[in-house]
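Enquirer: Read off the chains here:
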Amino acid sequence: MRSLDSGLLYASNWDPSQSVLVNIGNHFDLKTSVFQAPRRGIYSFSFHVVKVYNRQTIQVNLMQNDYPVISAFAGDQDVTREAASNGVLLMVEREDRVYLKLERGTLMGGWKYSTFSGFLVFPL
Amino acid sequence: MRSLDSGLLYASNWDPSQSVLVNIGNHFDLKTSVFQAPRRGIYSFSFHVVKVYNRQTIQVNLMQNDYPVISAFAGDQDVTREAASNGVLLMVEREDRVYLKLERGTLMGGWKYSTFSGFLVFPL
Amino acid sequence: MRSLDSGLLYASNWDPSQSVLVNIGNHFDLKTSVFQAPRRGIYSFSFHVVKVYNRQTIQVNLMQNDYPVISAFAGDQDVTREAASNGVLLMVEREDRVYLKLERGTLMGGWKYSTFSGFLVFPL
Numbered sequence: 001m002r003s004l005d006s007g008l009l010y011a012s013n014w015d016p017s018q019s020v021l022v023n024i025g026n027h028f029d030l031k032t033s034v035f036q037a038p039r040r041g042i043y044s045f046s047f048h049v050v051k052v053y054n055r056q057t058i059q060v061n062l063m064q065n066d067y068p069v070i071s072a073f074a075g076d077q078d079v080t081r082e083a084a085s086n087g088v089l090l091m092v093e094r095e096d097r098v099y100l101k102l103e104r105g106t107l108m109g110g111w112k113y114s115t116f117s118g119f120l121v122f123p124l
Numbered sequence: 001m002r003s004l005d006s007g008l009l010y011a012s013n014w015d016p017s018q019s020v021l022v023n024i025g026n027h028f029d030l031k032t033s034v035f036q037a038p039r040r041g042i043y044s045f046s047f048h049v050v051k052v053y054n055r056q057t058i059q060v061n062l063m064q065n066d067y068p069v070i071s072a073f074a075g076d077q078d079v080t081r082e083a084a085s086n087g088v089l090l091m092v093e094r095e096d097r098v099y100l101k102l103e104r105g106t107l108m109g110g111w112k113y114s115t116f117s118g119f120l121v122f123p124l
Numbered sequence: 001m002r003s004l005d006s007g008l009l010y011a012s013n014w015d016p017s018q019s020v021l022v023n024i025g026n027h028f029d030l031k032t033s034v035f036q037a038p039r040r041g042i043y044s045f046s047f048h049v050v051k052v053y054n055r056q057t058i059q060v061n062l063m064q065n066d067y068p069v070i071s072a073f074a075g076d077q078d079v080t081r082e083a084a085s086n087g088v089l090l091m092v093e094r095e096d097r098v099y100l101k102l103e104r105g106t107l108m109g110g111w112k113y114s115t116f117s118g119f120l121v122f123p124l
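Sequence lines, in order, name chains A, B and C.
Numbering-wise, the UniProt record's numbering puts 14 at position 14 of the first sequence, and it's gapless, one number per residue.
Numbering-wise, the UniProt record's numbering puts 124 at position 124 of the second sequence, and it's gapless, one number per residue.
Numbering-wise, the UniProt record's numbering puts 68 at position 68 of the third sequence, and it's gapless, one number per residue.
If we strip away everything but chain A, and leave its shape as in the complex, we get (with noise of 0.2 Å):
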């Protein structure tokens, strides 16, 4: 079983009064959205940043520091909402800063539904 400051993190915007629903060891600052890792370890990524029509392409990173580690893409101009997702595992140091960037575009329009979650697979 994994402790308990395994650094869990999540954020949506269905209802403000939720945007973190899981925020295990607070590890995660609200503040800034950026999630710093209590441990070293291997940690899983996920995160849907969906924006609301309009007629840019966002570009979303997910980054290590700062360091892109991966990216995202939505593009389409013709839909109401469509996401930019992506997710991988990541070696991260103890005291590692990971946060999305939005590299591209606007969300303007809105980001509401977006999600953003981790959590330590295993401590090394």
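Hints listed in this document are in silico derivations from the structure and should not be mistaken for laboratory results.
Keep in mind the model is a prediction, meaning the values are calculated, not measured.
The beta carbon of each residue, even a glycine, is placed where N, CA and C say it ideally should be.
Treat each hint with caution, since some may be false.
Pulled a few chain B residues facing chain C out of the computed Cβ check, cut under 8 Å [unchecked claim]:
(1) Ile24
(2) Gly25
(3) Ser46
(4) Asp76
(5) Gln77
(6) Val79
(7) Thr80
(8) Ser85
(9) Thr115
Go by the hints and put chains B and C onto chain A.
Expert: Just chains B and C now, with coordinates in the frame of chain A:
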């Protein structure tokens, strides 16, 4: 190591005879497609609901008991198959029910290749 | 805590020198892109195969040995990058081979930003 009553679930219909690939503990009810948690803990859930060509937008909700937790959308009118996907970490109480609900649109054209998966990340 | 031979894999090509970020135990063969399970258990696999603009629909299968388990599709003709994504929990026997197969279409325009990840949820 996590115990085998962790509450695994998975549904697809690549092949009807294989429509549930993994169901450790049988906490996923094949008739109702509802997962009932065998214990309190943090669970990871993800889904990919594939709609076949039709002119409707679908919205799929992940439900915890009677509450919608996250949503996903598929609304492109010009593609044959498109997935409404999302994923989440959830704090689940023992006997909570977790399931998918088609909030908007229809899957009349079919939903082959759809998946719904979950597992206990750690017990609380 | 799970042991380090859990069978982790991850592939991306954000940067060719970083094309495999995590490969604990080296069960993911970099030449063939095949994962061979080090032990029997329940594994979680997910993939996001990103196609670059072309006019073809792609179908990507997740294969267990010679059997297709799940599929994902990307078929929009008007967007620059689009992902065929899906994920699954699988009962895997020791030495089973798990890999992606492009069942339909081509990735001639490139597949940069694609990912394929998996980890042992628990051994059986």
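Enquirer: Which of the listed hints are broken here?
Expert: 2 and 5
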